[in-house]
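Asks: For the record, the sequence lines run as chains A and B.
Take 1 as the starting number for the first sequence in the numbering used here and just add one per residue.
Take 313 as the starting number for the second sequence in the numbering used here and just add one per residue.
Source of the hints: derived by calculation from the structure; they are not laboratory data.
Everything numeric in this text was worked out from a predicted model, so none of it was measured.
One should not assume that every hint holds.
[What the hints assert, rightly or not] Distance condition first, Cα-Cα at most 30 Å in a straight line; then the derived DSSO-like pairs of lysine-lysine:
no.	chain 1	residue 1	chain 2	residue 2
1	A	175	B	367
2	A	133	B	367
3	A	38	A	165
4	A	38	A	22
5	B	367	A	126
6	A	8	A	38
7	A	133	A	31
8	A	47	A	31
[As the list claims (entries may be wrong)] Which stretches of chain A does chain B cover? Using the computed rule of at least three CB atoms under 8 Å from a CB of chain B, they are:
no.	segment
9	27–37
10	208–216
Just so you know, even glycine gets a beta-carbon here, dropped at the ideal spot from N, CA and C.
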Amino acid sequence: MEYKDYYKIMGVARNATQDEIKRAYRKLARKYHPDVSKEADAEARFKELGEAYEVLKDAEKRAAYDQLGANWKGGQEFSPPPNWNSGFEFSGGSAGDAADFSDFFASLFGREFRAGGTGRTPPHAKGEDHHAKVLIDLEDSYQGATRTITLRVPMVDSQGHVVTKDRVLNVTIPKGIRAGQHIRLSGQGSPGAAQGAAGDLYLEIEFRPHPLYRIDGRDLYLDLPVTPWEAALGATVKVPTPGGIIELKIPEGSGSGRKLRLKERGIPGDPPGDLYVMLAIALPPADTEAARDLYRKMAQELNFNPRAKLGV
Amino acid sequence: MSTENKLPQYAICILEEQTQLTLDDLCHACSVRAEQIIELVDLGVLEPLGREPWKFGGASLHRARIALRLHHDLDIDLAGAALALELLDEIESLRARLRVLGGNY
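Let the hints inform the model, and build the full structure from the sequences given.
Replies: Here is the structure:
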């Protein structure tokens, strides 16, 4: 297993005071809290931080950890020294959310810390709910879909060790679901106590970025390049929509950035979303003499000052 | 077809649209006592539908869990967590507007 440099994780010196450690923890906890931070690895960082703090805030555990010496580097291959633990007795207490702590932590401070100290379970207790995120494509929500997802579920084996098992589920993605919504699968969480019902499984929906559309709730946004003459004279052009290609009439005299609404062409639902087409005027390159001549002709014949509003 | 068709299918629903939760449901799903959920109602984080007995829309579950996590993990009181939640909502709506404008947020 890998050695964890708890001091480095918390960004404090090895001789930091308990107050300094507490301050560092609070600051980093706010920064990496998964509900607050948008950094991709926030959840992992937050867990790592919680584990480091669990050890360093506790004088007994910190002393034991310090006894390993200062020559280890984070990530280095590690196994606990023989007679490890002999001189220490941990008064323990609940380790709170310790279920996700690393093997490194468990090898030093024992597995019992990982159980989280929930105490005795009444016979009617409902099983724990589970929560996970699923990434889907816009098309899955547009048409509805069945997706196979794999969840990594921590379980306690017969020796009391925490092992991760893969659990494969076939999940129906309901048509019209939006990012940030949750699918509830009743009874698919942890089993309950003897007479208790199983917990539920909640899947939070997130969309993969789409190459064409930007998604806001059920509405979709598409940038549509048009030529200057299509925008000026009006035209009927082909436009991709999630339901297939359609023909869209560009009104005469459209400017760049004009927003055209295709009612109910967004994600289905009640009410269905709309598809907004944002016109972007694309200039033909002046890379031939004929093209340059056309631009010159426009320059001569069109009395057009795009900067009139700037007073110049 | 493939093996995926052999996997069992589950009864599912969209939490935010098809679900109403009781106070007990919320307490269980958040692993807290009723007092904490009631405090979240008093703070305006959760809005019950109609009068007692309280029913909550499915979206309440997600909000309650975030507020309680912030409260628990960051050692702030529930009023502070409620403020953080409102600011997070505001950030999310600003991010949504930026996404519409074509940024990668």
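Asks: Determine for every hint whether it applies to the structure shown.
Replies: Hint check results:
Distance hint between residue 175 of chain A and residue 367 of chain B is fulfilled; the C-alpha atoms sit about 26 Å from each other, no more than 30 Å. At roughly 26 Å between alpha-carbon atoms, residue 133 of chain A and residue 367 of chain B fall within 30 Å of each other, so this suggested pair holds. For the hint pairing residue 38 of chain A with residue 165 of chain A, the CA-to-CA distance comes to about 28 Å; that is within 30 Å, so the pair holds. This hinted pair checks out: residue 38 of chain A and residue 22 of chain A have alpha carbons roughly 24 Å apart, not beyond 30 Å.
Between residue 367 of chain B and residue 126 of chain A, the direct Cα distance comes to roughly 20 Å. Compliance with the 30 Å bound is thereby established for this hinted pair. At roughly 22 Å between alpha-carbon atoms, residue 8 of chain A and residue 38 of chain A fall within 30 Å of each other, so this suggested pair holds. In summary, the hint linking residue 133 of chain A to residue 31 of chain A is supported, as the alpha carbons are separated by about 21 Å, within the 30 Å threshold. The hinted pair formed by residue 47 of chain A and residue 31 of chain A meets the criterion: a straight-line CA distance of about 13 Å does not exceed 30 Å.
With a threshold of 8 Å between beta carbons, the proposed coverage of the segment 27–37 of chain A by chain B holds, since 5 of its residues qualify and at least three are required. For the segment 208–216 of chain A, the stated coverage by chain B holds: 4 residues have a C-beta nearer than 8 Å to a C-beta of that chain, and at least 3 were required.
The earlier numbered hints are all upheld by this structure, with none contradicted.
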